[in-house]
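Peer 1: The listed protein sequences correspond, in order, to chains A and B.
Our numbering numbers the first residue of the first sequence as 1 and each following residue consecutively.
Our numbering numbers the first residue of the second sequence as 1 and each following residue consecutively.
Derived from the structure by calculation, the hints contain no laboratory data.
As the structure is a computational prediction, the values presented were derived from the model and not from experiment.
Errors might be hidden in some of the hints.
Straight-line C-alpha distance at most 20 Å; calculated EDC-like pairs for lysine to aspartate or glutamate [as the list claims (entries may be wrong)]:
| no. | chain 1 | residue 1 | chain 2 | residue 2 |
| --- | --- | --- | --- | --- |
| 1 | B | Lys404 | A | Glu202 |
| 2 | B | Lys80 | B | Glu359 |
| 3 | B | Lys130 | B | Glu359 |
| 4 | A | Lys400 | B | Asp351 |
So the derived list for chain A, only partly shown, Cβ under 8 Å to chain B, looks like this [to be verified]:
| no. | residue |
| --- | --- |
| 5 | Ala72 |
| 6 | Gly286 |
| 7 | Ser302 |
Just so you know, even glycine gets a beta-carbon here, dropped at the ideal spot from N, CA and C.
2 protein chains.
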Amino acid sequence: MKNCIIGQSGGPTCAINATLCGVIKGALNHNIPHIYGALNGIQGIIDDKIIALEETFSDIYMQRLLTQTPAAFLGSCRLKLSSYKENKEIYERIFSVFEKYNIGYFFYIGGNDSMDTVARLSEYANENKKDVKIIGVPKTIDNDLPETDHTPGFGSAAKYIATTVREIAYDSAVYNLKSVTIIEIMGRNAGWLTCASALAREPGNPSPHLIYLPERVFDCDDFLEKVKQEVAIYNNIVVCVSEGIKDKSGKYVCESVASGLKDAFGHTYLSGTSKVLEKLVREKLGYKARGIELNVCQRCASHIASKTDIDESLMAGEAAVNLAFLGQTGVMAAILRTGINPYKSEIFSCDVNKCAGKEKVVPDEFISADGCDITKKAIDYLSPLIMGECEIIYENGVPKYLSKNNI
Amino acid sequence: MKNCIIGQSGGPTCAINATLCGVIKGALNHNIPHIYGALNGIQGIIDDKIIALEETFSDIYMQRLLTQTPAAFLGSCRLKLSSYKENKEIYERIFSVFEKYNIGYFFYIGGNDSMDTVARLSEYANENKKDVKIIGVPKTIDNDLPETDHTPGFGSAAKYIATTVREIAYDSAVYNLKSVTIIEIMGRNAGWLTCASALAREPGNPSPHLIYLPERVFDCDDFLEKVKQEVAIYNNIVVCVSEGIKDKSGKYVCESVASGLKDAFGHTYLSGTSKVLEKLVREKLGYKARGIELNVCQRCASHIASKTDIDESLMAGEAAVNLAFLGQTGVMAAILRTGINPYKSEIFSCDVNKCAGKEKVVPDEFISADGCDITKKAIDYLSPLIMGECEIIYENGVPKYLSKNNI
């Protein structure tokens, strides 16, 4: 019987190790003799940096720890394979390593670039009659993959954002003065995570008062006018913005507003979007202002992961192995929403070419007419994805996570 | 029987509402008829903006929600009372409001400035034969109050920092390249919270590799040299710095390094310490670098509050009422560490003048000889304070918090 190998690729999330665990569980269920992990994604295959996983992770407790660990247990990479025509050698190298380890199944967990790798490798395998099933499993906090209803990793990031925005809203309201708090959320081209900030709202507390996505052109004057209106009503307000908002000329807001700024080394200074808007509000409107960049915490705060997300990530990993054993290749284990109230989902097989290198942005029907809020339709789509809390194992007051250095 | 009034003051924390709940529970235990809350601290007394709390918070479920809510339920202020000699009117105003509400007990929850208010009001009461007991209850994430072993609010901020630094360390290690992540932690003059980052360490994972406190002079060249050494060993490293680190001339690092920088409006640009060091590392050493400011999340992330901290904060609130009923005034309900293994603590009464307006910094014995780490003694002091997780009530996937707008 053939062995399998698993790789993780692209930006870290809270759920990519849950998917890794799902693939391991699936492989154990199918009695695959050796379950290998490639260190740093496809690069680890090229460099023959490969570890065995079946022994350590046959243990249920280790599976639980792996599932709750953020980032990427196997390490990640950003390597994009060039086409088979351009660089035949790298494909031959990869498949010779597959042969060395008697690999019959390769599972690649990642975003749209990683799905491109899955597409290219399965095409190569087909054309060259290599009996290796190549299966993709989606992963990205950005939720920008087509075909899948949403991506593993997104729900946990969304839950972190909803929780943190609510906590910041409480924090920012304690003093009796006019203030504007601007929270910068990840997403260069797709505003999905910024949409999730709306889940912080509750009856009586409408924070965030304004939400700006990269799907709409950002206008500074209009922004200042809206801030003035909201402050007049609420005194303290919270504004959530995507890091990737651009003005009408297509320039990032952080570039256009701060342009001309030089740093101590004489280079153009590119401050974050929230800091640029903080200064704008302070200078133009005279309110107390604070810019907050949620930064990488959005993608690694596993202590507050969404149970729905972690469960689906495990499920997608297990399903990927089932698809391989059904003889499929060049497919991605995608999520289908099968129930609305109560929410239900299942995994389906989707041609990886439908999402390889493609990007799904927030649709018009999810964005309010004035461009600075989201619609009820968006809330209905987002709400189930942040439901449920995971039971986290702590040690000495800190969540216990797994790395190659501490197992 | 006389009534009581409670105020909250200074920066928000995760534990100040637990202390408020503790005072309410203590007041209910002593059958105080009316339990009032002053909105926005002492300012609410001056302005007669006062609400009744006894009805809402006789309910156990509401007590639980209040206890888990971050920020300051009653609102806060930064008002410092001038002396009785300078501004007699304000003291007369405060005590006339006390008289109007038949107040016999005033509990003020806050940091060293608030303890100054407690000292001044109790002195005034004594000199003018006013029968109002004035009791302080400590609160600050900064842990910079003397006399008390530590301050309510500190343990929860420390737990958030330890958890987040560990999560960021995992996140920053996924790519196989030299990188430096610089995490900026609150604390202008006292480095207590930055010390807590060391609790992120575990066997095999020494992040944070370097820790810089405001108690030591920061030297840029020495910093770059140390970063180089650590990167040579570990490839990816994490550095934790207090926002308030200063160079040998006494200038904040963010000012000294970025000096000369002008923003779009022609004003000197003061970027955060972490962003300044991020640029320094990138420009001088050529490594990938990322600055992360933990910002207000440090003081409002109630979803990951320390159970030890929340329990002690409740306990301090209840004890404050007991002290008032013992006839004490002008005192603070401080924490005494009474057991080491297992950790135990109790509340004692301390003369508020011993901490009013005073600041406790990290002692020399807690800082390593090379000035960029902490000692085992510091770890032993800090460890028990982050122990235990609170059972948080969630609603729709987000922690349920209480505000005046949603009760």
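Peer 1: Hint by hint, where does the structure go against what was stated? Just the numbers, ascending.
Peer 2: 3, 4, 6
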